[in-house]
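Enquirer: Next come the chains, spelled out residue by residue.
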Amino acid sequence: MELTRRIDNSLYSRKALADTREAYRPYCNVVVQPESSGSVSITVTVKGEYKAQARQVALEFWNYFLDTSCEQSLESV
Amino acid sequence: MMEEQASISAFYSGEDDFGVFARISVDPNIFSETAVLKTAYWFTDQYYLFISKRKETGLLEVELRLKEEGTSIDKLKAACGEFCNNLLDQEIRQKVIKETSVVRDTLIKKAFFEAKAPLTVKVASNESHLPNSSQSYKDDPVRAECSDSWN
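Those protein sequence lines, which keep their order, are chains V and A. In this text, residue positions in the first sequence follow my numbering: the first is 1, and each later residue adds one. In this text, residue positions in the second sequence follow my numbering: the first is 1, and each later residue adds one.
The set of hints was computed from the structure by calculation and includes no laboratory data. The structure presented is a predicted model; accordingly, all values stated were derived computationally and were not measured. The beta-carbon is built from N, C-alpha and C at its ideal position, and this holds for glycine as well. Any given hint could be a false lead.
Facing chain V, from chain A, some residues (calculated, C-beta under 10 Å) [to be verified]:
#1 Phe31
#2 Thr44
#3 Asp45
#4 Phe50
#5 Leu60
#6 Leu88
#7 Lys116
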């Protein structure tokens, strides 16, 4: 099960993506594809052994990513 | 396969492989990006959220999903309403922070400056009268520590 989303670099940070990717490395594979200026396409594919919890893993990945981005951007305000 | 339907108040609901979702459009001219992020941050413990920006319109889109699968759209609608209320609250907080930032900074600066500044008057302290181990409060000639009733 995979979930592809296009993100805006002003909302989600690159560092947050790196942190999230690292945290979810055991559960899913992440493919990052740069798109037009200021946006990136991210595909999250849940690993086979977690297929039963695919929805939870994929959506938790995005929540973690959002949380980390918020923390980082609000720290700098 | 994705099906979507629009309602009057810029609230969209639909369903995809990950279940039911709702989407709220937020005008960045009314609500700041910071307010949206702060509100979203508080909602991630109860809902799955995703924020995107529409290039054409500049609108921010907040997508909400319930953590439990197979829940009704009404519950999601209520969550969106709650999100909008919190967003308004957060936006007002941001405005108050902006309006009072000068006063707050001045107060903080003053507090830190006073704590850091050296004492202007010398403290009247004479430590030559500190008792040594052989002395007791009973030897105090002034007997300041003892009331008459103790004697």
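Enquirer: So which of the earlier hints does this model not fit?
Expert: 1, 6 and 7
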